[in-house]
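**Q** In case you want the letters, here they are:
Protein chains: 2
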Amino acid sequence: MAKIAILGHGVVGSGVCEVVASNQESIIRRAGQPIEIKRILDLREFETLSYADKFTKNFDDILNDDEISVVVEVMGGVSPAYEYAKALIKKGKSVVTSNKELVAAKGAKLLKLAKENNTNFYFEASVGGGIPIIRPMHMCLAANEIDEIAGILNGTTNFILTKMIKEQMNFDTALKLAQDLGYAERNPSADVDGHDACRKICILASLAFGRHVHPENVLTEGITNITLEDVDYANNWGGVIKLIGRAKRIEGSDKIECMVTPAFVSNHSQLANIDDVFNGVLIRGNATGDVVFYGKGAGKLPTASAVIADVIDVAKSNTTSKSLSWEECDENIVVDYKTTSSVFYVRVAGKDEDILEEAIDRIFNTVTHLHPKDKPMNETGFVTELINENEMENLLNKLSDENIDILTKIRIVNY
Amino acid sequence: MAKIAILGHGVVGSGVCEVVASNQESIIRRAGQPIEIKRILDLREFETLSYADKFTKNFDDILNDDEISVVVEVMGGVSPAYEYAKALIKKGKSVVTSNKELVAAKGAKLLKLAKENNTNFYFEASVGGGIPIIRPMHMCLAANEIDEIAGILNGTTNFILTKMIKEQMNFDTALKLAQDLGYAERNPSADVDGHDACRKICILASLAFGRHVHPENVLTEGITNITLEDVDYANNWGGVIKLIGRAKRIEGSDKIECMVTPAFVSNHSQLANIDDVFNGVLIRGNATGDVVFYGKGAGKLPTASAVIADVIDVAKSNTTSKSLSWEECDENIVVDYKTTSSVFYVRVAGKDEDILEEAIDRIFNTVTHLHPKDKPMNETGFVTELINENEMENLLNKLSDENIDILTKIRIVNY
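Top line first, the protein sequences correspond to chains A and B.
Position 178 of the first sequence, counting from 1, maps to 172 under the working numbering, and the rest follow consecutively.
Position 262 of the second sequence, counting from 1, maps to 256 under the working numbering, and the rest follow consecutively.
The hints are simulated quantities; they were obtained by calculation from the structure and are not laboratory data.
There may be inaccurate statements among the hints.
One copy or any two copies: either way a pair holds, since identical chains are not told apart in the list.
Calculated lysine-lysine pairs in the DSSO-like style (CA-CA distance at most 27 Å, straight line) [said to hold, decoys possible]:
1. Lys294 / Lys242
2. Lys310 / Lys106
3. Lys103 / Lys48
4. Lys48 / Lys310
5. Lys294 / Lys345
6. Lys84 / Lys109
Given these sequences and hints, build the entire structure.
**A** What follows is the structure in structure tokens.
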């Protein structure tokens, strides 16, 4: 019998209680023993629940209970989650979390501490909710050098973009709908500004490339400026707009490229059809080629299921996983995005289409012009060749100098 | 240093040598130790290879070498692979295989034997080539009851169907192309008749539902009768034809439904866009919802990479995995497909469309008629409601009694 505690009885925490109760049979089959929730830390009252007796408001009740071997941290936020996790690991308990903010900020530190104390720090649910991605990446792709990772990592923004693409709903209406459906918070910034996706790509990149990738070093652009016009241009180009987090090993260097931005994704891409609140992660390995994992990226039961899979794993082993880990790294291993190159889509406005296209052709040499139906006469869109970010800025400045308005600039990816 | 041996230096075996050589650094990082190939069993001569000194034609050189702790079986076929695997496991060696025929026929027996001898029998590469699927299904979906599995499990047939769908190539030409490209064997029966896909769904179903599923109990239909006309009808319906292997828990019973057949898949399905030689597997869990794994289902390096991931896993642990297992079961746990129900697409020919549609409406009550462009006047296609297989046969016999030719009958799935 493995006895566990849960920190936080919110959406995921209550989901863990539910899945433990309803899937005990398959848990025993996999873990070789039953799992019992002994204590739940939450400051709120839950007197009407059948398991109300398990609640405590005092963290020490869990910290000092030697029967509890695994603690599930699903409070969210870095503090006090970090302090709690540290204290628990030092007591020899394993910690399982779904808290991407914690892992993205303190993952290397907690992994190191777990190793020192011969316990485990697992976080499958922190990326991709119910999609198994951390463990397959770590274990099954072991005989691969991972060259590149790209993913649709945030369900809320993907829901909004899907509504814009499939139903011509504008951003504000789609966001409102997402809020009404409970997919987006009242303050939607963490989602729509790309911060949530950024934390997740940092976790994946840290694991793939072996050193901690700090979110603050990663260019992060959200989707708040995407318009239905851009959706039309993307369609005319042959693709859709997705919020993509991506990381890439730089050949012959120990640095990586890493960014979160909206991007044009070709209709032929496996990422193009990942719609609504679904997530998908593509891993490009030198031996496997492209492997894609797809599923519900969030939600109570999928996330709880991933948490419990970690608990089962911890319950089964009594040594630290040596390889599910990466090094702490104060150095910034992400290159300045301005030194990298992309293919760009740009939408501009000016006097009329002919004047715009003449200026574009003169300044950019080779571009592909896009001509969606029903576009206004005074604007146009085009796609560049592969071009350095700095150089791109210079060329856009030249367009501005001719009184041309730069309306949107979106990178184009080739996954 | 883990010393391994390889049985068979064909496509996968030589790929294992290649990946071990080229990815030694990441292997050490993950396994905590280097992996050395000590012996390779093959009856052919490979004198020009740099590692020619490792070859032997005598199985006993491997069986009796106490330094060799893990043996990779990539010979294919049930015999002598099964006898070799048994002997090796009894000697306390772990066996890793990519041989789906072996696992589908003898998986339960070898897993039991491995448990008795405190070794491991792993087979990640037997399904989905380089796509991690066995281990994610086993570990990460631990806190789930798996209700249903469906997959595009054979790259050759998927390549042929993709050519038929996207390039209106007929079956024979597409098969010829697949053979010329090395995707299909000279005798393509194992692929095009569905046997390969059948072995794979049996392995996945055994793992998901806990008891051995024998291929001979699974309805297996291939793609040789699929025509370009059927492709047009599928398109008119709003989908594509794929060869789908599927298994489903029957609520309130310890039996399952399991079959391999061509199927109409809606364009909205994540399986619809899995094209060419790619494979994809959908797992429907009670907590995770739908999770899809997608990637190259075959090929030298992807498959070798999956084999080595297993080797690394075995090298890291020195106890038997208790849960990657299923029970031997002489009983047939697959229900007779005739007791199950499906939605069907049917194409028929007769005198003219009006007469055909009148007979169909009279005999079937409710159907949806399909009207693709350019179809001959003397044929038509329709989609039934959910209908029992036996009842379906009766109704089709009634159509035949009215001198209507049944040209094709394809099931429609809802993944």
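**Q** Hints first: check each against the structure and report whether it holds.
**A** Here's how the hints hold up against the structure:
In the homo-oligomer, the alpha carbons of lysine 294 and lysine 242 lie at most 27 Å apart only across protomers (24 Å), although the nearest pairing inside one protomer, at 31 Å, exceeds that limit. Within a single copy, lysine 310 and lysine 106 get their C-alpha atoms as close as 21 Å, and across copies as close as 19 Å, so both meet the 27 Å cut-off. In this homomeric assembly, lysine 103 and lysine 48 never come within 27 Å of each other (Cα to Cα): the closest approach is 30 Å inside a single copy and 44 Å across copies. In this homomeric assembly, lysine 48 and lysine 310 come within 27 Å of each other (Cα to Cα) only inside a single copy, at 24 Å, whereas the closest approach across copies is 38 Å.
Proximity of lysine 294 and lysine 345 under a CA criterion of 27 Å is satisfied in neither setting, with 51 Å inside one chain copy and 57 Å between copies. Proximity of lysine 84 to lysine 109 under the C-alpha cut-off of 27 Å is restricted to the intra-copy arrangement: shortest distance 10 Å within a copy versus 35 Å between copies.
In terms of the numbered hints stated before, the structure departs from hints 3, 5, listed from lowest to highest.
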